[in-house]
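> Using the hints provided, position chain Y relative to the given structure of chain H.
Chains H and Y, in that order, give the protein sequences.
The first sequence begins at 1 in our numbering and counts up by one.
The second sequence begins at 1001 in our numbering and counts up by one.
Check each hint, because a few of them may be wrong.
Reference listing, derived: stretches of chain H covered by chain Y, where coverage requires no fewer than 3 residues with Cβ under 8 Å from a Cβ of chain Y [as the list claims (entries may be wrong)]:
no.	stretch
1	2–8
2	12–21
3	24–30
Each computed DSS-like pair below joins lysine-lysine, with the alpha-carbon atoms no more than 25 Å apart [said to hold, decoys possible]:
no.	chain 1	residue 1	chain 2	residue 2
4	Y	1133	Y	1165
5	Y	1148	Y	1114
6	H	19	Y	1303
7	H	19	Y	1272
8	Y	1165	Y	1148
9	Y	1272	H	7
10	Y	1164	Y	1133
11	Y	1303	Y	1272
12	H	19	H	7
Here are the computed distance ranges between Cβ atoms for each label pair [stated by the list, open to error]:
no.	chain 1	residue 1	chain 2	residue 2	range
13	H	44	Y	1282	49 to 59 Å
14	H	24	Y	1094	15 to 25 Å
15	Y	1306	H	32	44 to 54 Å
16	H	6	Y	1337	27 to 37 Å
17	Y	1339	H	4	29 to 39 Å
18	H	22	Y	1119	40 to 50 Å
19	H	12	Y	1195	21 to 31 Å
These are calculated hints, taken from the structure and not from any lab test.
Every residue gets a Cβ at the ideal spot worked out from N, C-alpha and C, and that includes glycine.
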Amino acid sequence: MIQTVEKLYENSQFTNTYKIVYTDNSEVFVPHDTANRHYQEILEWVAEGNTITDNGGGE
Amino acid sequence: MALSTIPFSGLGADASNQGVNFRNLIINGDMSIAQRGTSSTGITSNGYYTVDRFQTIISSLGTWTNSQSTDVPTGQGFSNSLKMECTTADASPSAGDNLLLYHYVEAQNCQHLKFGTSNAESLTLSFWVKSNKTGTLTQNIRQIDGGKFINNSYTINSANTWEKKTLNFVGNTADVIDNDNGAGFQIEWWLDSGSNFRGGTPSSSWHTQNNLDRNADGTISLADTVGNTWYITGVQLEVGTSASDFEFLPYDVNLQRCERYTRRLGDGLWGKASSTTNMIIQCPFFSPMRATPSISAITSAIKTSDVTAADYTSSTGITSANINAYGARLGCINFSGLTSANMYILYDNSSYIALIDAEL
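So here's chain H without its partners, still in its complex pose (with noise of 0.2 Å):
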């Protein structure tokens, strides 16, 4: 089950790729490709009202 989602920015550039963090705290990197079934589980978690954490690369 799916914890925490994440937007992944490099050089303040949105890399197209998530973290998915796990409740059992397992991390999977998921890219941004609706053929990726993570990332189908991504779009699902958040059609279910949770919200990707997104610090628009201010890291």
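Just chain Y now, kept in the frame of chain H:
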């Protein structure tokens, strides 16, 4: 014999049953490849756990151990099977609970079936199965494009005995399978469910999905007792109305086919230090994966070496990634003593450091 006259069915003495001609639409049907590991315990949710390409689907129906087993039918040439074992029972599932196995067949590998035309080919699914329970289990194929299902079932006649099952499916003349890298077929082996998946009217014709049909024939409730087991191996889906002998592939060929969907990353990759503590590891995908993959960090420490054979170890594994269809850059921090812009090679890691996943 001229290459153009070699029959599609191969060069064996009995050409209908022998030879390697990639007639099996199932990848890793002999369960020999298990890149994620050979045993996974405490399973209560969907996932790929051990044997490549076979996904466990579970919703609130017991707790399970999924393993790559060496228990196989005698004298058939198999070395492995996939085993499901119940470790926490649930004899009274709620309506929406379910337990089954999926295997997805990529759509562009199904084009020769000519689905959606009057020449649609019939299919035969065969496999070896064993369980401590006797009774009937439901077997379906879902065609993703078109949203159609076809139902079938098989009976386990003797407890704790390997039995070969052969199931026939007519071709679908109505619905085309798109020629793409999405899912063509979802093969379903039902093991247990609540009432939302029972009570329908299963059909041996392709029909619109109705969840009530999906486990309608199942009389076995595999989750009802701790210690219940179900094994499967030798899975083959092929054109025609009869099952040929299982098509064994060399291990390396089988692995390479699995690596279109899942592969390991580890020793041999190169990294470049961006500071005394940080490194970017380069991961080219030498053969294309099905789609842009996900990357799971497996280890919590990554060991590297420089040209003088001095070792540098990160204590935190992969902390960032930038992925596309051709490769990935993985970010690693918490090294010490790196020289910025120097190159380092991953070596002597006890296991693979990450799993790349482009599964369906």
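> Which of the numbered hints are not met once you compare them with the structure shown?
1, 13, 15 and 19
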